[in-house]
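S.K.: Dock chain B against chain A, hints included.
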Amino acid sequence: MNDIAQARAPAAIGAEGFLARYAGLRARLPGDETRRDAAAESFRARGLPTRRDEAWKYTDLRPVAALAFHEPLLATDTDFKLPPAPGARLVFVDGRFREDASRLPDGAAFTPFARAPRFDALARPEAHPLVALNTMLAEDGAVLTVPDGVDAGLVELVSIGAGGTRHPAAFHPRHAIRLGRGAQMTLLETLIGEGVYLHNPVMSVMVAEGAALAHVRLQNESQAAFHLATVYAGIAEGGTYDGFTLNLGARLCRTEIHTRLHGPGGAAHLNAAQVLRGVQHGDVTTVVAHDAPNCASRQTVKNVLDGRARGVFQGRIEVAQAAQKTDGYQMNQALLLSPDAEVDSKPELRIFADDVKCSHGATVGALDPDQLFYLRTRGVPEIEARAMLVRAFLDEALTLVSHPAARAALDGALSAWWEQETA
Amino acid sequence: MAADTETIDTVNAVTGSGYKYGFETVLEMDLAPKGLSPDIIRLISERKQEPAWMLEWRLAAYEAWLKMREPEWAFVHHAPIDYQDLHYYAAPKKKTGPASLDEVDPELLKTYEKLGIPLKERAILAGVEGAGSNVAVDAVFDSVSVATTFRETLSKAGVIFCPISEAVREHPDLVKQYLGSVVPVADNYFAALNSAVFTDGSFVFVPKGVRCPMELSTYFRINARNTGQFERTLIVCEDNAHVSYLEGCTAPMRDENQLHAAVVELVALEGASIKYSTVQNWYPGDAEGRGGIYNFVTKRGACRGARSRISWTQVETGSAITWKYPSCVLEGDESVGEFYSVAVTNNHQQADTGTKMIHLGRNTRSTIVSKGISAGHSSNTYRGLVRILPRAAGARNHTQCDSLLIGHDCAAHTVPYIESRNPSAKVEHEATTSKIAEDQLFYCRSRGLSQEDAVGLIVNGFCKEVLNELPMEFAVEAQKLLAVSLEGSVG
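Here the protein sequences line up with chains A and B, keeping their order.
Counting from 1, one number per residue, gives the positions in the first sequence under my numbering.
Counting from 424, one number per residue, gives the positions in the second sequence under my numbering.
The shape of chain A in the complex, shown without the other chains (with noise of 0.2 angstroms):
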């Protein structure tokens, strides 16, 4: 058997595909081949998850699983443009790092996947068929260690889906982020694109005693591309990890955060704001599993739906037997601004401790009619009133994120999104 001949095989749709895949590339993929067999087995028994799947009642994968998907082009001549790097920038093009387009970090160690492949212990592939898929077709990413007590500051990570060819492609890149004791990083994460592909990221986050990763993603893939990201992250005593994620772009979209305290006194934020419209579908599903006493989980998570958009959110905190004194709180906000618009969502306790403070809210609605009428009265315009509270009602969110540089980038992202909106 022969890959040539495999490519050229009339393209398997869905799952099928994926697998035929595997079939082919096996014996060129990185590292460990008894891991992605096991993934693929796993894969092989559970497919593309479906809305039978309790995780997937609200997220339908119907159109990821109607299309065939192709390995991405080696894309060395793919052209695209970025604004200048303020520090240390890695880039990605469809799933691949272009050392050309990249600045490396200073006070982390940077290494591709593909050349230092290794699968971690935090991903589940055999719980999340997602990473079962990308466990099986990992090829590269980006795996960065920062050392004890080094501050790496700002680092980018930039993936680019370049379209642009007959077929669909579709890539699973694997990142690994380690953070040593006391060493501190922010990522920032911009995932932006151009037609029809599929990027399906696979992330784990090790953030050691006393360390601390601010984890925003900007996420403004092409709208024509499926974006279903995991990110996996273990957080040891008296560490934190403060997530933010802002979902506009994407035909379809899903980000699948876990996170784990196992350390006492550590800490986990997981923030998001979703912005959508016309026939956008984002899901935001998070997991913080309290295992050791003593630590804090907090979330805010706004919804801004417009056209005929989903948003959906599914946040659960699980509390173990063990982890008294735990303080949690998730917030829910989501705000319709069409009649065609539609949200769900599903906040969730699990509490096996008993001396807890836990809770959650979640409201739905529209603008509020006595807030516009306010500031028409005030002459100012319709348009620019349901501006001003729609960007009040993110900001609650937004402002949880404190690097300026990271801050900025959401902001303009988002301006720029109103412009079109307005327009």
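Honestly, the hints are just simulated from the structure, not real lab data.
One or more of the hints may lead you astray.
[Said to hold, decoys possible] Residues of chain A clear of chain B, computed beta-carbon distances all greater than 12 angstroms:
(1) 45
(2) 83
(3) 383
[Claimed, not checked] Listed next, the stretches of chain B that the computed footprint assigns to chain A, with coverage defined by at least 3 CB atoms under 8 angstroms from CB atoms of chain A:
(4) 713-719
(5) 819-829
(6) 855-864
Glycine included, C-beta positions come from ideal geometry on N, C-alpha and C.
M.R.: Only chain B this time, still in chain A's reference frame:
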């Protein structure tokens, strides 16, 4: 420490008395053979002297049930249930019907005495007309309704309140029109099972413009060994009618688990209002989790008409496992759905309970207040759905779920689903989980209350919003039940 000794004493005193409804009544029973088959369904239908259409309806439900699978999504764990190892029909052997107190089986009367059904009503249950009491009772013993009181007063007002088996015979048009219209036969596994084998329950019909002159009440009791109780309740309120209905349940202590799978359907037409209150005190099993009732219940109300209102209030302290989601389908414009719930679990009890509010009509409103208390090794889950459909402009929901944890080995879960497809709808959900604050306990203890009394007081305060919704007679009983259910959980 003296306080500890005192607590232990109190606990022993109470757990010694334990579940006060744990008696078994020795009665002559008419028992169908174990197992479920079309023949058993025919037998039930025949015993009930049902018309042919009812039998067909049951058989269709049985067919649907065979094709369904037991739901697994709830956070409850139990050994598989052998549906062929149950008696689907058990009835106290009746003579021609109790015309006077003497004709009623004295054992049965004793049972009602122990259950605490008021003396006057017991006299009425036995056919002696009493005066003054304003609660009409329908008592269901295992599978059949044994007596219904105050029939005459009610019929003067035009209200029909009778066992559903009687309604099938006497009011077939009404039953045909409404039975299964809120909970279709194939709605879920347990509803299908119930539709196939239900043996009795209550039927209430309140005609146009009538305010039911008294509270209606049903007592359910599972008595016979290895029986499943499958009661079916149907309440219909025509335009601008009103009824308040109370339901109480008990069962004897047993080592094995007993199955209870009821279906309750409520229909409120234009301007009608139905208030349905439950105090569920089925046998919860012993301190090690042996025995107890599996309570798998489907309750749903349809607000069909504009400005109709359905209100569910429940105090759930019993059952080894509770699986119950009293829901409202708000079809009529400006209709209102309410759900007030206190669920207490102790020892090894498991409760997965909550509600669904489906908003279809304009300006529909719903309120959910759920208080979960878990102690011992128990697990208590609130599971709820609020769904706003595109037509439900101006819909409004407020949900509040609070959980209280007592002890290190219990669990409390909250699983709300919120789905909104109308921008003018407003939905709010709040949930908290906490334990009883040390300072609150200290405050009470320093004023001379025992640990148990202090916990009782705090828990009653925690549940007050719900208890206030109960009719007065039930509120007192419910408060006592809460205290008894939590005995032995602190110390």
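S.K.: Verify that the Cβ of residue 383 of chain A lies farther than 12 angstroms from every Cβ atom of chain B, and report whether the claim holds or is violated.
M.R.: Per Cβ check, residue 383 of chain A is outside 12 angstroms of chain B; nearest 17 angstroms; holds.
S.K.: Hey, is residue 45 of chain A genuinely clear of chain B, shortest beta carbon separation above 12 angstroms?
M.R.: For residue 45 of chain A, whose nearest Cβ neighbour in chain B is about 19 angstroms away, the distance exceeds 12 angstroms, so it holds.
S.K.: State whether the coverage of the segment 855-864 of chain B by chain A holds or is violated, taking the criterion as 3 or more residues with Cβ-Cβ distances under 8 angstroms.
M.R.: Three-residue rule met by the segment 855-864 of chain B, so holds; n is 4.
S.K.: According to a criterion of three or more residues whose C-beta lies within less than 8 angstroms of a C-beta of chain A, is the segment 713-719 of chain B covered?
M.R.: violated (count 0)
S.K.: Over 12 angstroms from every CB of chain B: does residue 83 of chain A meet that, or does the non-interface label fail?
M.R.: holds, 36 angstroms
S.K.: Verify this for me: three or more residues of the segment 819-829 of chain B with a beta carbon less than 8 angstroms from a beta carbon of chain A.
M.R.: holds (count 3)
Checked against the numbered hints given earlier, the structure breaks only hint 4 and satisfies all the rest.
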